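If you're matching them up, the sequences are chains A and W in order. Just so you know, we're using this note's numbering here: the first sequence kicks off at 52 and counts up by one. Just so you know, we're using this note's numbering here: the second sequence kicks off at 60 and counts up by one.
A few of these clues could be false.
Stated by the list, open to error - In silico EDC-like links for lysine to aspartate or glutamate, alpha-carbon gap of 20 Å or less: (1) A:K97 / W:E194; (2) A:K163 / W:E134; (3) A:K158 / W:D161; (4) A:K134 / W:D141; (5) A:K99 / W:D157; (6) A:K97 / W:D157; (7) W:K119 / W:D90; (8) W:K119 / A:E188; (9) A:K167 / A:D178; (10) A:K97 / A:E81; (11) W:K119 / W:D157; (12) A:K113 / W:D141; (13) A:K238 / A:D204; (14) A:K251 / A:D82; (15) A:K97 / W:E199; (16) W:K140 / A:D111; (17) A:K113 / W:E194; (18) W:K119 / A:D82; (19) A:K134 / W:E101; (20) W:K119 / W:E134; (21) W:K64 / W:E101; (22) W:K227 / W:E194; (23) A:K113 / W:E89.
Worth flagging that the hints you see were computed from the coordinates, not collected in a lab. Treat the numbers as computed from the prediction; the structure is a model and nothing was measured.
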Amino acid sequence: MPNYQLVYFNGRGRAELCRLIFHTAGVPFEDIRLDHTKGEWPGEWKAKCPFGQLPILVVDGKVLAQSRAAARYLAREFNLAGKTSWDQARADMFIDEFDDIGTEVVKFAFEKDEAKKAELSAKFYADTLPRHLGYLENLLKENNGGDGYFVGDSLTWAGLGIANVYDLLGGTDAPFAKFPLLLALAKRVRENPKVAEYLKTRAQTSF
Amino acid sequence: MPTYKLIYFNARGYGELARLLFAVAGVPYEDIRVERASWPNEYKAICPFGQMPLLEVDGKILAQSSAIARYLAMEFGMAGKDNWEQARIDMVVDSFGDILQDMRVPYLETDPEKKEALVKQFVGESLPKRLGYLENILKENGGGQGFIVGDSLTWADLGVANSVDYLKLMCPNPFENFPLLAGLVQRVREIPQVAAWIAKRPETAT
Numbered sequence: 052m053p054n055y056q057l058v059y060f061n062g063r064g065r066a067e068l069c070r071l072i073f074h075t076a077g078v079p080f081e082d083i084r085l086d087h088t089k090g091e092w093p094g095e096w097k098a099k100c101p102f103g104q105l106p107i108l109v110v111d112g113k114v115l116a117q118s119r120a121a122a123r124y125l126a127r128e129f130n131l132a133g134k135t136s137w138d139q140a141r142a143d144m145f146i147d148e149f150d151d152i153g154t155e156v157v158k159f160a161f162e163k164d165e166a167k168k169a170e171l172s173a174k175f176y177a178d179t180l181p182r183h184l185g186y187l188e189n190l191l192k193e194n195n196g197g198d199g200y201f202v203g204d205s206l207t208w209a210g211l212g213i214a215n216v217y218d219l220l221g222g223t224d225a226p227f228a229k230f231p232l233l234l235a236l237a238k239r240v241r242e243n244p245k246v247a248e249y250l251k252t253r254a255q256t257s258f
Numbered sequence: 060m061p062t063y064k065l066i067y068f069n070a071r072g073y074g075e076l077a078r079l080l081f082a083v084a085g086v087p088y089e090d091i092r093v094e095r096a097s098w099p100n101e102y103k104a105i106c107p108f109g110q111m112p113l114l115e116v117d118g119k120i121l122a123q124s125s126a127i128a129r130y131l132a133m134e135f136g137m138a139g140k141d142n143w144e145q146a147r148i149d150m151v152v153d154s155f156g157d158i159l160q161d162m163r164v165p166y167l168e169t170d171p172e173k174k175e176a177l178v179k180q181f182v183g184e185s186l187p188k189r190l191g192y193l194e195n196i197l198k199e200n201g202g203g204q205g206f207i208v209g210d211s212l213t214w215a216d217l218g219v220a221n222s223v224d225y226l227k228l229m230c231p232n233p234f235e236n237f238p239l240l241a242g243l244v245q246r247v248r249e250i251p252q253v254a255a256w257i258a259k260r261p262e263t264a265t
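Extracted from the complex, chain W is given alone in its bound form (with noise of 0.2 Å):
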């Protein structure tokens, strides 16, 4: 088994679907959190792009935490049975890399009035309008009481039910109006590993 070590800050972020693919997977790997008032560190001068979260694997290192992700998913069997199902996890999780594009001017606005108007455009129409979509792509895959791609849990699941935790950033609950998501989300949140992940990961606000 190769070993492990994914270091990120001591938050859920950009970090997090790695986190979730090594607790189902039932991998050990070193959890390493640099906390924000520490940032930079000497870590960063081996980051490919001067960034976390990395992920280093018998000393070889990989950025960007799609690209993280993905690998692991990989190695673990959660991508899919073949290329295009594969692809069409690549589609969904992508999707919420757009949302989280939507997200940040938003959640970054600090002046009251402007971030008001700013997150009420979010909440109410770009935020369900995506996930709109998603909604269906779930329904069309066997009804949506399953997985989202495929019909066995892959990061695509994994990365929906995290969504659930930076959206609750912006409001109390995000898929209040699409009942196949948030069945999924409850179903990946019962996943045992998953639930003890939970149970037991350090509490942060982002």
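If we strip away everything but chain A, and leave its shape as in the complex, we get (with noise of 0.2 Å):
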């Protein structure tokens, strides 16, 4: 088995998908967070980043950047990517919609000034955030009646995704309270024995 190091800080952030996949996969990982403010990040780490940033995923040494990237790596290694290419494909369609909905989050959640920041939140959840769930909601629908996965009949990285976003929107079922199919999954993957085992033991962070 090779050996892998994911590379962040503390918070579920851009590297938490990976952490999803090396734990409902069963694989160990070292699951390295730095504290920037112990100098740990840019430390020694930095200049082993292709893109000075953060996460990375090293595997046997070698470093892979962009959590995407890393993610699908990870994926198709533990057969979490989908079982035909068609599949993979798909599956990659709803990873991306689900990093433009964490791209939309980016937009508010570090926005300094106050009251821009509530103005903008406030935008994101009574329209943005609605008209992504709703195409979320549709497409799952379309996959057999939406009461499995988003793609073919069995948990892929995409399902994970849709967990991940959950928490993104701060673990609460309120942000899907119009979206029955897309909420029935994001819990049916929260409660994969795997995934429910490590979202117990996991550590509460701000982001």
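Put the two chains together into one complex; each comes in its own frame, and the hints tell you how they fit.
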């Protein structure tokens, strides 16, 4: 078995999808969380990062950057990417959509002006998010009625992705109120034994 | 051979990487171009996320430009020889996504003074920083006179070459200080199928 290191900050952020994939697959890895207040970042790690940024995935000493590339690599290694090349492409499509949602959240999450932040956040929850979730709800429904998975008939990293979005949006059911199939899927994934076990012991972090 | 349709605006934009893949592979497809003034049209209802580009393969639909390009690259044997190379390619391609993110704000800014400052920051700082990393990645691949990942043409190389066309919207010679990247772009553009496509494709501003 290769030696895996995942290097990021102490938060879910852009590394959590990789962590979920490792835990779901039952594959051990070194979950390195750098504390920038202790000088661990930039520290010695920055020079090893292909784009000077985290997260990075290190596999037997070889480095991969870009969170989606790393997560896809792991998903493929552990048979969580989709059973056919078409299914894999469809899973990729969902993952890119989740990333779009994440990008929208980042727009207000780091806004320093409190008034502007409140405005952007309100628009996101009233407008942008329901639009994205609506599309996802429809796509899920198109897959055999929607009480299974996004792609095919088994859990892929796309399912882990929506569980991750659930946490990104605050870890409550509220944002999914109008999207029952999506909510049910997020919960089904969170109740997967390996995922549930991880969620129980996972460090609580602010992001 | 499957029946392929690519549906996008009459622009290079987020559709061009797919078009380059079809061109290099020599695979026929219907290159459907929607004028901006006629969007949204009847295609919007079948777009998984309400946006183009869309790839239709024997009637089945795929959205998201990277997912589309990756699918085609895999089908056409331009995606890297193993999972690791595929991942390294994804890494290079995603970094251009980051460059585009950085570019969005200065590109869309309408106030001339603000725009000038934002463009200056992009062209002077954030772009060279990201291109510098890519120049290193290329250099680390056997010296940088070949391809950016592995030892044959992949969609990562097409992505690098394609980026020049949108980066030119911000500065005239984006790879001026990055000789290895510039060399790669030249090599890609000289590939006969690429050269032929560039010569015949509709001229569009973006």
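Verification of the hints:
1. With a CA separation close to 17 Å, the supplied pair A:K97 and W:E194 stays within the 20 Å bound.
2. Simply put, A:K163 and W:E134 have alpha-carbon atoms about 45 Å apart, too far for the 20 Å limit, and the pair is violated.
3. A threshold of 20 Å between alpha carbons decides the hint, and for A:K158 with W:D161 the separation of about 13 Å falls inside it, so the pair holds.
4. Distance restraint check for A:K134 and W:D141: the Cα-Cα separation of roughly 17 Å lies within the 20 Å cut-off, and the hinted pair is therefore satisfied.
5. Taken as a hint, the A:K99 and W:D157 pair is honoured in the structure, with Cα atoms around 19 Å apart against an allowance of 20 Å.
6. Note on A:K97 and W:D157: the hinted pairing holds, with a Cα-Cα distance of about 18 Å set against a maximum of 20 Å.
7. For the proposed pair W:K119 and W:D90, the alpha carbon gap of about 16 Å is at most 20 Å, so the pair holds.
8. Annotation: proposed proximity of W:K119 to A:E188 holds, straight-line Cα distance about 18 Å (limit 20 Å).
9. Proposed proximity of A:K167 and A:D178 is supported: the alpha carbons are some 16 Å apart, at most 20 Å.
10. Restraint check for A:K97 and A:E81: satisfied, since their Cα atoms lie roughly 18 Å apart, inside the 20 Å limit.
11. Between W:K119 and W:D157, the direct Cα distance comes to roughly 29 Å. Violation of the 20 Å bound is thereby established for this hinted pair.
12. The straight-line distance between the Cα atoms of A:K113 and W:D141 is roughly 14 Å, inside the 20 Å bound, and the hint therefore holds.
13. For a cut-off of 20 Å, the pair hint linking A:K238 to A:D204 stands: about 16 Å separates their Cα positions.
14. At most 20 Å may separate the alpha-carbon atoms for a hinted pair to count; A:K251 and A:D82 meet this at roughly 16 Å.
15. At most 20 Å may separate the alpha-carbon atoms for a hinted pair to count; A:K97 and W:E199 meet this at roughly 17 Å.
16. A distance of roughly 19 Å separates the Cα atoms of W:K140 and A:D111; the hinted pair therefore holds under the 20 Å criterion.
17. Straight-line distance between C-alpha atoms of A:K113 and W:E194 comes to about 18 Å, which keeps the hinted pair within the 20 Å bound.
18. Between W:K119 and A:D82 the alpha-carbon distance is near 39 Å, which puts this suggested pair outside the 20 Å criterion.
19. With a CA separation close to 32 Å, the supplied pair A:K134 and W:E101 exceeds the 20 Å bound.
20. Between W:K119 and W:E134, the direct Cα distance comes to roughly 15 Å. Compliance with the 20 Å bound is thereby established for this hinted pair.
21. For a cut-off of 20 Å, the pair hint linking W:K64 to W:E101 stands: about 15 Å separates their Cα positions.
22. Using a Cα cut-off of 20 Å, the hinted pair W:K227 and W:E194 holds, with the two alpha carbons roughly 18 Å apart.
23. Only pairs whose Cα atoms come within 20 Å are accepted, and A:K113 paired with W:E89 is rejected, the gap being roughly 40 Å.
Consistency with the previously given hints fails for numbers 2, 11, 18, 19, 23, ordered from lowest to highest.
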